[in-house]
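The primary structure of each chain is shown beneath.
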Amino acid sequence: MTLSQPTENKHVKPMNMIEIETFKEDDINIISVKGDVDASSSIHLDEALLKLSEDSSTKYIFIDGTDLEYISSAGLGVFMSYIDDFKTKDIKMILFGLSEKVENVFQILGLDQLLNIVEGKKEAKEKLNEF
Amino acid sequence: MISEKGLLRLSLLFAILCWLALIVADLFLLFAQINQANAGITKEVPYLFLALFILFTFFYFRLKIQKAESVNFIDLLWRVFSTGLIVSLVQLAIGLFFYLLSNSKLLQNELAINFFYHINLAAVIIFLTSTFVVWKRLILYQKNRRLLIIWQIFEYGLLATLLFNFFQQQFPDWAFLGLLGIFFIYSLILSFNLKWIAYLNFKQKWRSILLLALVILYLYYFINNLINFDNEFNLIMNLLSDVFVLSLVGFISIYALISILVILFNLPTSSVFEQKISEVLNFQRLSQSIQKGDNEDQVYNVLLESSINAVFSTSAWLEIFQEDNSNKVIRSAISEHKMQQVKKSIQESGIFSYLNRQQNYNFKKNLNPTKLTANLNDPDYNSVLAVPLIIQDRQIGLLVLLKDVTDGFNKEMLDIISSFVNQACISVENFELLSKALENERYREELKIAMRVQKSLLPQELINDENFEMFAFYESADEVGGDYYDYFKTSPDKTAVIVGDVSGKGTSAAFNMAQMKGVFHSLVQLNLDSKTFLSRANSALSNCLEKTSFITAAYYLIDAREKTISFSRAGHCPALYYDHEKKQASYFKNRGLGLGIVRNESYQNYIDNHHISYKPGDVLFLYTDGIIEAKNLQGEEYGYDRLSEVVALNGEKTAEAIKTAVIENLYEFIGSEGLDDDYTTLIIKFL
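Taken in order, these protein sequences are the chains called A and B.
If you're matching positions, the first sequence starts at 1 in my numbering and goes up one per residue.
If you're matching positions, the second sequence starts at 1001 in my numbering and goes up one per residue.
It is worth saying that the hints were derived from the structure and are not from the lab.
Honestly, I wouldn't trust all of these hints.
Going by beta-carbon spacing under 10 Å, a handful of chain A positions derived as facing chain B [unchecked claim]:
#, residue
1, Leu-76
2, Gly-77
3, Asp-84
4, Thr-88
5, Leu-109
6, Gly-120
Straight-line Cα separation of at most 20 Å, DMTMM-like style, residue types lysine to aspartate or glutamate; simulated pairs [as the list claims (entries may be wrong)]:
#, chain 1, residue 1, chain 2, residue 2
7, B, Lys-1494, B, Asp-1559
8, A, Lys-101, B, Glu-1637
9, B, Lys-1547, A, Asp-84
10, B, Lys-1631, A, Asp-67
11, A, Lys-24, A, Glu-123
Each residue gets a CB set at the ideal place from its N, CA and C atoms; glycine is no exception.
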């Protein structure tokens, strides 16, 4: 989406490096996303989701956004692009632990209507029973 | 002032007139002598005409020959030769004439004989003066001040001897001979100024020897001819007693003779000189070739060719390492198969291992030239010189030169090859830098075009009428942004307004924005309600946008007669509404989903249609998320609360004043005017 041309930042701002970890609890794959997800770092999030999407054993994916500081429209684009994909593969994705600010970003775009967003991990597991 | 051409013609005319006068005066004197009458003129009169004739001829050739600046040495010598040829032909014709008429009465006539002698005289003087001027140019080639002074003394001294004739009778023979002797010695000294010879190549040297020898031959023939006349006939005017003419003859023949000898001795070394000249020229070619807009190959070819010529190598190749590991090889007089064979021999010689070691140091150390050459154990080649091509610590290629003799490469050759290689590397590097700069420039140009296109997509004029006033502010971080706003009056009372944000930035965002504009202007004319409008826009854009792209938008229909706004939101940040009565600003709260996120009919389930009534003094504040997400130095976002506060405080002002207040507050918050995103606001104040 973005041009690869490096843009010069005239004033330095504290940047939170993205940190993505994938691990498995029983049959639930958990991706914990830390830091800022912007145009360039969203690629890593995409990679992690793609890997799980291609794994036929994947049934449930939890996105742990407890330490997610910021998400840009490009980051939202990544989640958006997997909605259809997961629907056809019958993979359930649940996001939890989002800060008010981050959740607001999802809400404004309307993604909260399409994604399963809950408060915490406990609620996420409860949500699993609804499926 | 008379032009140079005029001077030339004038001096020629005067020379001819003086010569005719000389003939008339001489013949008149002779006639008087024969008839033992008083001629009424003294002997000095013809001398005066002779002196003037010589002076004008000299002046003529000086102008003519010195004017031709670019003439090369061989051309100059050729000019002397051809003048000599014409003069010889004239003399031969006279000789033949005399031979045919040897028994006729005409030859008994002294007047006739003297007339023919005068023709001879003119011809010889023309030859002498023209040759003198040519010699002058040769001697003064690469002159210095000292030489110039010495020459001027000689030249003026020589011209001064023209006066000698007038007092000939008063001077004894020894004065005549002494003067001649002085000029001969002076000529000898001047004759060692032969710098021009060094610039002749081998072929030119041989040609010069031939031409100079012919000049001496001419002189011998002319003098012989004059002596014959002197012996056989009674001459009223005898050139052989003229110091000027004799000195000139001596000077010309001495210089010709010494030149011949020096050229002869220089013949064996001329190849070295030629070699040096060609090295300099090749060096120049290497540094210039890239500027003409050729590619690197041109430089490589020149490098290989000049290197081979510089060291007389038997065979050679130039290997260029390319990024994809496929080496480009330019070979000269060696087959692919033989090259591979020789490579193995070079491997044994240890040059490659030396180069590999240097590569580990990134070629930071100076190369030891003696390590680059070695003797080979190969049937065809006995020595090798391998020089790496290095640009900024990275090796871009290898030049390999081969010779069929052992120890074929001396230090001088190493030096010249190194400098060739260095120059080639500089050229290639310059070329690379230039191409990169051009590429960047082109990229920037494209962005500029995209920016112009994008700016032109935004409306140039906004509505300011009795119902409401609009004011927009747009500023983009990159050259190209993705923010969009537009409006359309569907009827005198109804106005549709859209504000949107295309995900991503740069050129692709601008393209998507253009699509959005197209969709807006197509659908707005259908008078749809805001929810249907967005549903239709979604299905239209679903077929156009890339899979991960989406557009957020908000659509507002303002009815000025009913004083209502109906609106829907497609994932765009909620509009801020200022209530004039309550003096409060608040955000619309309604559902919505970005365009292109759900690409089917179910999209309409995710958006709402809202309806409000407005009162005069209310303000609809539309914006994009760039403002909300603007961060200060501490990484804190500007946020929704700050925005609503500043709008609430300034809500009573005009649309433009509200914008100014918001932007000032925003810049104050982020602490600098550097933009990270696109900032767009569209403010509508109802009247």
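Now for the hints, and whether the structure bears them out:
1. Leu-76: holds (8 Å)
2. Gly-77: holds (4 Å)
3. Asp-84: With a closest approach of 8 Å, the Asp-84(A) hint holds.
4. Thr-88: violated (13 Å)
5. Leu-109: With a closest approach of 4 Å, the Leu-109(A) hint holds.
6. Gly-120: violated (24 Å)
7. Lys-1494(B) with Asp-1559(B): Since the Cα atoms of Lys-1494(B) and Asp-1559(B) sit roughly 5 Å apart, the hinted pair holds (cutoff 20 Å).
8. Lys-101(A) with Glu-1637(B): holds (10 Å)
9. Lys-1547(B) with Asp-84(A): holds (11 Å)
10. Lys-1631(B) with Asp-67(A): holds (19 Å)
11. Lys-24(A) with Glu-123(A): Given pair Lys-24(A), Glu-123(A) holds - Cα atoms ~18 Å apart, limit 20 Å.
The structure shown violates the earlier hints numbered 4, 6.
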